[in-house]
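These protein sequence lines map, in sequence, to chains A and B.
The C-terminal residue of the first sequence carries number 492 in my numbering, and the numbering is unbroken.
The C-terminal residue of the second sequence carries number 714 in my numbering, and the numbering is unbroken.
Because the hints were derived from the structure by calculation, they are not lab data.
Any given hint could be a false lead.
Just a few of them, taken from the derived set where beta-carbon distance is under 8 Å, the chain A residues facing chain B [unchecked claim]:
1. R155
2. L157
3. E279
Label-pair restraints from in silico Cβ distances [as the list claims (entries may be wrong)]:
4. B:A541 with A:V37: 30 to 40 Å
5. A:P300 with B:D689: 20 to 30 Å
6. B:A541 with A:L472: 41 to 51 Å
Listing some non-contacts, in silico: residues in chain A with all C-beta distances to chain B over 12 Å [as the list claims (entries may be wrong)]:
7. C46
8. L379
9. R402
10. S451
For glycine and all other residues, C-beta sits at the position ideal for the given N, C-alpha and C.
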Amino acid sequence: MNTAYALIILPVITGIISLFISSERLRRNLLVVVAFVHLFMSIMLCTGAAGELNGSWIGLDHLGRLFLMIVSLLFAGSAIYSMEYLDKHPHFDGPAIAGLRMPGNSNAVFVACMQLFLAAMSLSVMSTHLGLQWIGIEATTLASTPLIYYHRNKRSLEAAWKYMILCSVGIALALMGVFFLAMAASSHVQQFTPVGLALFSGYLKIEWLKVAFIFFLVGYGTKMGLAPMHTWLPDAHSEAPSPVSAMLSGALLNCAFLGLLRIYQVCAAVPGVASFASELLIIFGLISLAISGVFILRQPDYKRMLAYSSVEHMGILALGVGLGGSAIAAALLHAVGHSLVKSSLFLLSGNILAVYASKKIEDIKGLLKTMPVSGALWLAGFFAITGTPPFTTFTSEFAIVRVALQSHSWTIAILYLLFLLLVFIGMLTAFMHMSLGKKGEVEVDGSAGESFWQVLPPVVFLTAALFLGLYLPDFMRSAINGAAVLLGGKPL
Amino acid sequence: MNSIATLLAITCMLLLGSSRLLVSIRMVAFQGILLGLLPLFVTDHIGVAAVLLMLTNIGLKSILLPWLLTKALFESGTRREIEPFIGFGASILAGVLLLAVSGYIVNRLQTTAQISSPFTLIAGFFMFFSGLFLLITRRKALTQTLGFLVLENGVFTTGLSLGSEFSVFVELGILLDVFVGIFLMGIMLFHIDREFDHIDADRFNELSDLAVDVGDSEEASE
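Just chain A, with the same shape it has in the complex (with noise of 0.2 Å):
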């Protein structure tokens, strides 16, 4: 169990070392370096023997291993990618503010501030007490939001504060459902874990837990991006730098469900509040899918519509928990999809704009001539994003769809589809018009967002994401089943 603390010790103290190195080579050396390091421990501690979580705070379930692979993953490849986007987009940290002596190096705060994120989401992911998690999951905010504001424009400043105040309004309320909780959970039962909560689930007073998972679905739903609290989303992950925007979908997004998830572990166990958590999932499945398929489909903003695509696979990952039985596995199965292949997205996105320098679609043609790997991932990753077959989240999507046939709830399973078909249209417009055509009058130069370092981790993911959807292999189906029955639910 050392090695689950120094996943989360190791970056805060590399991250606070980095603040004072002068040397900018050094320091995003050290980036890397950290981000392979935790990849490492975090492969060792996931194959290892599953850890017997015996009243301690720290621990590895299969939930929690499912979801530490995917942010060690996904920062090790944003790490690669930040060395040469720091390159093409310098930036000095800015002089004293209010007598605060800010670190006059390059880049500094912004290395520093992506190992305390990594750090903030390793402890919300490995915390199994839930006001640890909270601590885990707030931290994770203040940890990103100098990342979102990284350009040090009006418009990423204006992103930044929202992201402040609304995630940090959700999360309180989601510290009061914690306190609710704790309400809701008599003397008997002696650990504050969900673990410890489900073990004793007869003792739970009903209504205050429903009470506490409103609060925390609301709070935690901010977070995670679900519709209608889901404002400060395109903004920030829109401004934010492409490798932080990669990093805000793929892992944070997750964090925030795997807090929402922990709350569920607990109401799945009480047989009242089950089917009362399963709907309220569902409701607000369904609104997000709503909203995302309408914003999405008159963008203009190629950023933006990525961002309100991460709310529409948030709406499927709540509908698809709400469903219950094997849909809970499969939503689970689409985390990881989407991570990967949101991340490689955001991370071509990044190329993109370093090329064409407009984040409007209309500006932007003929993406396969200008850049032929760029380009061509870019039309894979939208194949991917979209849930086609033969990618994972065409497996996971179909799995919710199913499930939700065999429990004859036509409604949702129409309205799913047609919110599907919403996405599919929108983004299939903007993703032709970018990738086909001629090269546009204005010439650019497409080898700038194609060296080896900023292509090689879309490549990797997709590569994973196309791997996966072919054939799932039999360590990640047993942790995807495992996961799913500690939430109640049937194996994929």
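Starting from the known structure of chain A, fit chain B onto it as the hints suggest.
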């Protein structure tokens, strides 16, 4: 204990009715002191950890944060909250309503579970609601920060009066998170003042999907 709850409610009322930002900051600082003292009355046994927590609470919420916010206030050159979406008189009226709602909720809750200190719970809910109210109806980014702080204070009071005690580490962690959050907001106030020449959060209009084409004002971030 009941007197502290009453004082907390009064500070909230004053916050809702005051247009002078400096007064508002002082009021929140006073709330921080009251909040720090509250655990002494609620719990029976007081250990070293509880005293430590109390001192940290007072130090952060009633000295450090108000200092930072006052500095941000003087830097921006604004003194008053101008034309809130809901006027000050109406805000106080809304405050009375919120207080009544809080009382009603606690009354309902008491039927399902034994609550040790209903008065502080009412104060907690009231602070929570008035924090939200400030966040929604005020224009200045500074007032929104204050609103968030009041809301957090409300959550803290609620947790305390529900008697949900975690270990000191968790409590400290929560306190630290809230502190760093508001500290960051304070820093951002300086940036907002410099970039926008005002700290009116409602005039943030660079990003929106609902606005008609913003056109040329939209600059691609470099």
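Hint-by-hint comparison with the structure:
{"no.": "1", "hint": "R155", "in the structure": "5 Å, holds"}
{"no.": "2", "hint": "L157", "in the structure": "5 Å, holds"}
{"no.": "3", "hint": "E279", "in the structure": "22 Å, violated"}
{"no.": "4", "hint": "B:A541 with A:V37: 30 to 40 Å", "in the structure": "34 Å, holds"}
{"no.": "5", "hint": "A:P300 with B:D689: 20 to 30 Å", "in the structure": "28 Å, holds"}
{"no.": "6", "hint": "B:A541 with A:L472: 41 to 51 Å", "in the structure": "49 Å, holds"}
{"no.": "7", "hint": "C46", "in the structure": "25 Å, holds"}
{"no.": "8", "hint": "L379", "in the structure": "23 Å, holds"}
{"no.": "9", "hint": "R402", "in the structure": "33 Å, holds"}
{"no.": "10", "hint": "S451", "in the structure": "19 Å, holds"}
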